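Heads up: the sequence lines are chains A and B, in that order.
Quick note: the first sequence uses the working numbering, first residue 1, plus one each step.
Quick note: the second sequence uses the working numbering, first residue 1001, plus one each step.
Hints should not be assumed to be uniformly reliable.
As the list claims (entries may be wrong) - Taking beta-carbon pairs under 8 Å as the criterion, some of the chain A residues facing chain B (in silico):
1. Asn-61
2. Tyr-146
3. Gly-148
As the list claims (entries may be wrong) - Distance condition first, Cα-Cα at most 16 Å in a straight line; then the derived EDC-like pairs of lysine to aspartate or glutamate:
4. A/Lys-83 x B/Asp-1334
5. B/Lys-1322 x A/Glu-91
6. A/Lys-120 x B/Glu-1311
7. A/Lys-70 x A/Asp-32
8. A/Lys-138 x A/Glu-128
9. A/Lys-70 x A/Glu-109
10. A/Lys-19 x A/Asp-34
11. A/Lys-83 x B/Asp-1329
12. A/Lys-167 x A/Asp-223
13. A/Lys-120 x A/Glu-91
14. B/Lys-1349 x B/Glu-1390
15. A/Lys-167 x A/Glu-187
Honestly, the hints are just simulated from the structure, not real lab data.
Note that the coordinates shown come from a computational prediction; the quantities given were computed from them, not determined experimentally.
In this text, a Cβ means the ideal position worked out from N, Cα and C, and glycines have one as well.
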Amino acid sequence: MVDTTQMTVSDEVAISIEKMNKWYGQFHVLRDIDLTVYRGERIVIAGPSGSGKSTLIRCINALEEHQAGKIVVDGTHLTSDLKNIDRIRSEVGMCFQHFNLFPHLTILENCTLAPIWVRKIPKKQAEETAMHFLEKVKIPDQANKYPGQLSGGQQQRVAIARSLCMKPRIMLFDEPTSALDPEMIKEVLDTMVELAEEGMTMLCVTHEMGFARQVANRVIFMDQGQIVEQNEPEEFFNNPQSDRTKLFLSQILGH
Amino acid sequence: MSDTHSQLAFVRTEMLAQKEPPVAEKGVVKWVRSNLFSSWSNSILTVVALYLIVQLIMNAGPWFANGIWSTNSLAECREILQGASGGCFSVLSERWNQLLFGIAYPDTQYWRPTLAFVLMLVAASPVLFSKLPRGMLIFTGLYPFLAYWLIWGGTMMTSIIALLGFVAAYLAFRKAERAGFSIGLGAGIIAAVVVWKVLGMFAGELSILPLEEVPSRNMGGFMLNMMLGTICISLSLPIGIALALGRQSHMPIIKGISVVFIEFIRGVPLITLLFVANVVLGYFFPPETNMDLILRVIIMITMFASAYIAEVIRGGLAALPKGQYEAADSLGLDYTQAMRFIILPQALKISIPGIVNVAVGLFKDTTLVSVISMFDLVGMIRGPILASTEWNGVYWELYGFAALLFFITCYGISQYSQWLERQLRTDHR
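Looking at chain A on its own, in the form it has when it is part of the complex (with noise of 0.2 Å):
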């Protein structure tokens, strides 16, 4: 298997966030977020549940709106200025814990909706994009089935390749396998490290230890809303720095 750590990232920004603050309300959920993304990166987030690691890649896309700091995302200025919000959504994939496939629609319809409403690609071009992704994710022979027909892992992939059909520059995962039998895990899994070898720039957060010393070149670990260590993969994992994240990783790696 190829080690994609080694492989290069340019030195373009993709990301760039500064000093961004969010509040639910009176709660304070992410504090002072400096993070820069280059182009080409596999960068994983970890931490415990209620960290702010989900609200922090949704904010990335202004699913969440952020009420401090400065978010730029591959050139674009992220204000509550709707038409910067949709060039940004259309640049960049993002895939859910719960997959929010359209159930309404067949598996090739979720792919060709969006490329042919927002892109304006003809309906002819934009279903043969739709099947050489849905080869890609392994599932061509699904795609005039609908989702609540599919098994969890296959919607998810499903849920990727609609993705990738809006040509993305950057993609964000959200606890992609949480939602998954533990034999579905790894489509899903090899899927995504197949899109990090083709250099995809990538957000995942995720608890799959196992994928992020596979596949990221960064590991992010954040707790009560705040960056508290980042780091190589390798380093990350055989000698973390702070107390929090060695207990962290004592909890998810012991057993």
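For chain A, the structure is supplied; the task is to place chain B on it using the hints.
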């Protein structure tokens, strides 16, 4: 060899053939046992129910069988029956046209509403059945103008000008939409008004296919119920969707208007609104404007139904997982696209039973117009027919007929909705 072992050991040498189950466990006997006589209390209920059914058939049977269809008054019926039980159905055959079209619709023109009704079925079918060719929707779009001309009569110019106004509005909207939705809307309205004003000046000169004019006050019978029902349901659905979305809006003015409208209309009985339409609304307009009574009633019933439909659809919107909105957003779909392709198709599907509930209720509520002296089916029965010397006292036959007509229509709507729900199911098919 141990004894215990030999007692436990067993080898089958011959396989058993399949046998019939005992009589009590199959066919009619089993069905009767499990459905009618499964316990003491059920057995008693079965016997009582059987007795009631037999009584009903014994009493109502002769009433139907001895029914008389061809006399000219109740007195004649009584003479023929000589005290025997029997329905006087002649009221239906003698007043058939009045029951369907009202008392004042010119009797040479009955073909017009009938044709309009048949064409309505054609126009509605591509909306109801998605497998029919989409081209038929063009006819659906033309139908309201055609139906207006058929039912109210007059020259066809009125309908054509109205149609041209809408076409102009649509074209202007498409042109100006790029500059923004509200600008497009404004341009559309201006274009329509200009077309109506300009062409309206020539309307008097040209007379295409003139039909005898029938004023609104001459509409009546079941035709009036059908007209009100169809028009109000088809208008209240889009308005209801708009109100439901408005209520979810983040824009305070739109949200405020929607909430106040819905809560106010839902808090007022329909009869009150109809009285407002009949009496009070006149005071708000200058004395020389004479707004058509049917139009006023349509506006009120539509407002009433759309408030209810809005709440039903809001329920559907709330039932959708938040992830659907997020997935649509994350793909870069804008608000209109997300609503049109993702949210509304699913929310409306969830709302079908509720919407049909409102539609059926609304259709039956159209009989309430009889209290503001419009002669719909019930108004006809209560007024002109039962008040006449010939038919005074024929309650069962007339109200039974009205019930039957409404039941057939409402049951049809309900069956269609269940069929539609099955069609739209996409899981585990």
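So, going through the hints one by one against the coordinates:
Annotation: A/Asn-61 was flagged as interfacial toward chain B, and the flag holds, the nearest CB pair being 6 Å apart, inside 8 Å. Against a cut-off of 8 Å between C-beta atoms, the interface hint on A/Tyr-146 holds, since the closest Cβ of chain B lies about 4 Å away. Because the smallest distance between the Cβ of A/Gly-148 and any Cβ of chain B comes to about 3 Å, under 8 Å, the interface hint for this residue holds. For the suggested pair A/Lys-83 and B/Asp-1334, the alpha carbons sit about 9 Å apart, so the restraint of at most 16 Å is met.
Distance hint between B/Lys-1322 and A/Glu-91 is unfulfilled; the C-alpha atoms sit about 22 Å from each other, more than 16 Å. Note on A/Lys-120 and B/Glu-1311: the hinted pairing is violated, with a Cα-Cα distance of about 35 Å set against a maximum of 16 Å. Our distance criterion of 16 Å between C-alpha atoms is met by A/Lys-70 and A/Asp-32, whose separation comes to about 10 Å. At most 16 Å may separate the alpha-carbon atoms for a hinted pair to count; A/Lys-138 and A/Glu-128 meet this at roughly 15 Å.
For a cut-off of 16 Å, the pair hint linking A/Lys-70 to A/Glu-109 is broken: about 36 Å separates their Cα positions. Taken as a hint, the A/Lys-19 and A/Asp-34 pair is honoured in the structure, with Cα atoms around 5 Å apart against an allowance of 16 Å. Taken as a hint, the A/Lys-83 and B/Asp-1329 pair is honoured in the structure, with Cα atoms around 13 Å apart against an allowance of 16 Å. Taking the CA atoms of A/Lys-167 and A/Asp-223, the gap is about 33 Å. The hint is violated against a cut of 16 Å.
As the CA atoms of A/Lys-120 and A/Glu-91 are separated by approximately 14 Å, the hinted pair is consistent with the 16 Å bound. Restraint check: the Cα-Cα separation between B/Lys-1349 and B/Glu-1390 comes to about 50 Å, which exceeds 16 Å; the hinted pair is violated. The suggested pairing of A/Lys-167 with A/Glu-187 is violated, with an alpha-carbon distance near 22 Å, which exceeds 16 Å.
In summary, the structure is inconsistent with hints 5, 6, 9, 12, 14, 15 from the numbered list given earlier, while agreeing with the others.
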